[in-house]
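Two chains, each in its own frame: build the complex with the hints.
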Amino acid sequence: MTDTLLALATIFSQLSLLAFGGGNTILPEMQRQVVEIHHWMSPQDFSAMFALAQAAPGPNMMVVTLVGWHVAGWPGVLVTSLAKFGPSSILTGVVLHLWQRFKDKPWRATVQAGLVPMTVGLVAASAALITQASAHTWGLAAIAAACALITYKSKVHPLWVLAAGALLGFSGIGQV
Amino acid sequence: MTTETIITDQNTVRQTPAPSSRELFLGFLMLGLIGFGGVLPLARRIIVEQRRWLTAAEFTDMLGLCQFLPGGNIINLSVAIGLHFRGVSGALASLLGLIAAPSAIVIALGVVYQRFQDNPSVQHMFAGLAAAASGLLISMALKMLMPILKKPLPLLIASLFFISIALLRLPLLPTMLVLAPLSVIAIWKLPS
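So the sequence lines, in the order shown, correspond to chains A and B.
The numbering of the first sequence is the working numbering, which starts it at 1 and goes up by one.
The numbering of the second sequence is the working numbering, which starts it at 1001 and goes up by one.
Same shape as in the complex, but just chain B (with noise of 0.2 Å):
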């Protein structure tokens, strides 16, 4: 081996060594267990930041795999994080480790609201508690709308979604896969 190659080697090596399994399943792991009301910006301090597992551009790239495919983004990511060190078993790690405590969690969760469920006050908080989660899912709606609510075309396809979904309740299935072409198209060619 030349002293060449020995340099570039040095140049390509990432700064700790790849994480194994074991490793991959603890991240992931203490990911689920703290990682309260969105995971994602946690999941940048430990992966790149913390273990340094990653670089912050490669953070970013897989990222953008995971948003673009169907399927929670964290979720995604612990499966493409898992694959890209360890394959199939550092998948099958990371995913379960990631899942494992949450699952746990609301499980004792919808325990404790079966057994409960005839006292009245029990039922009022629990009710305090859905409406509150359901507020939390208007403001981010609004704040989702706001970007494009001056653009007359993507309020028209997001309006025409939500006509189908919310107040005709047609299936998933088929009003995707008739609205989506569409909207990819017109969002493609047309001015907006």
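Bound-form chain A, shown alone (with noise of 0.2 Å):
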């Protein structure tokens, strides 16, 4: 267990300064670690943890919550959410004080515009890896399908489209 505890702490707390660009550009470097490395649970267990954080309201990073309490029970929220949230935290309150020094620098914006690039390969390899797991039949690849040219060719909230993904794959249609 505390082999276990320790194993989310290290991977959680390293996701955690990694995360540039936001929560969904560690997605494939989060299942690499759980699904591949440490054999925690299955792709499609993991994708459907990331679906549930999707449907709850609040950050898009409350996936780690979930997997801390998949592996390790209230222990792994616990130090999956110290982890995840605690450098990052850390660091922005560091730098808070330095930003008014360094903010108007022209330094900062060209790395930041030169990041871009990588947090769009980043996002692009999130959404390869979490389909591949969780469009595994004609039928949800249907709704994957159905619902990104929706949310992209439209500005319907994205609770409607999870909710009518859930609705469709209840009916069981495609799935057999």
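No wet-lab data here; the hints were simulated from the structure.
We put the beta carbon where it would ideally sit given N, CA and C, even for glycine.
You can take every hint at face value.
Listed next, the in silico SDA-like pairs over lysine to any residue satisfying Cα-Cα at most 20 Å (straight line):
(1) K153/A / P1147/B
(2) K153/A / I1148/B
(3) K1189/B / P106/A
(4) K1189/B / V1178/B
(5) K103/A / P1070/B
(6) K105/A / L115/A
(7) K105/A / F1068/B
(8) K155/A / K1143/B
(9) K103/A / T1055/B
(10) K103/A / Q1067/B
(11) K1150/B / W1188/B
(12) K103/A / H1084/B
(13) K155/A / M1140/B
These stretches of chain A come out as covered by chain B in the derived footprint (C-beta under 8 Å, 3 or more residues):
(14) 24-34
(15) 40-51
(16) 58-64
(17) 91-98
(18) 102-112
(19) 139-148
(20) 152-161
What follows is the structure, given as structure tokens:
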């Protein structure tokens, strides 16, 4: 148990400091760690947890809490939450003081612009891996494609899209 | 105190008094509870327009910092705002307020998921939900990709990240240590 908690702490504190461009950029690494390296769950379970976290309110990184809970119960929730939110929060606190000094420096804009392609590549990687794990029958692939198209083309609220997906899934069409 | 300094003081005073840790906790608790599918637009409305903790310019400034640093924007924002008004205890109050309700809700959903794992209908429902969530992620990736689609250099760098992470399944830390500086230097030095 202690080993598991230690592993969770190591993984998520590292992810905390690597999450440039928001939470969705670290999903592939999170999946690699919890599925491929530690075998705590299947890729399908991971995608399902990501989906549950998307259906819940709040910040979009609540999948972290769910992974901690699945792997090690309440101690897992505590450890993953501390590890995921602690290091980046401390960094924010430290940099807050310096921010006034460097926010108008040209290098800040350069670094930020330079990291945009990285964020795009990582979010695309997240989309590919999560879709690969969750759209494994033609019915589910159709739901994923339809939801992608609808949210790409219109401004419908994501929650409606998720509800429609769950309802279509419930019908069981194209899932056997 | 001269009249002049009093006037200066009045000009620098914000419209409302600085929020207490308790108010910060409750404000972010509400944000966590009602913020479905992206908390940021809602955060601006509550923090700037309703509670008037920050002016629009202060909000934009702080958000700039939070987007620059690793971690979720809204998570960082809660820490920065809490720290700004009430130091470490304010930061803790804001962060805990923000994640308390969503944590409880996702765990409850997780319990339901595990409890009904053997029920085919519920399984199908969760499979549909997961497929829909992946669809949302696809459209998000597409929307981010469009602005750089006709710019060869950013597109190349994004592709390198995609190949390393999604196809080769390389670990993120070494990939970032190599590719992130290259990315910044390339965008900075080379015309795209």
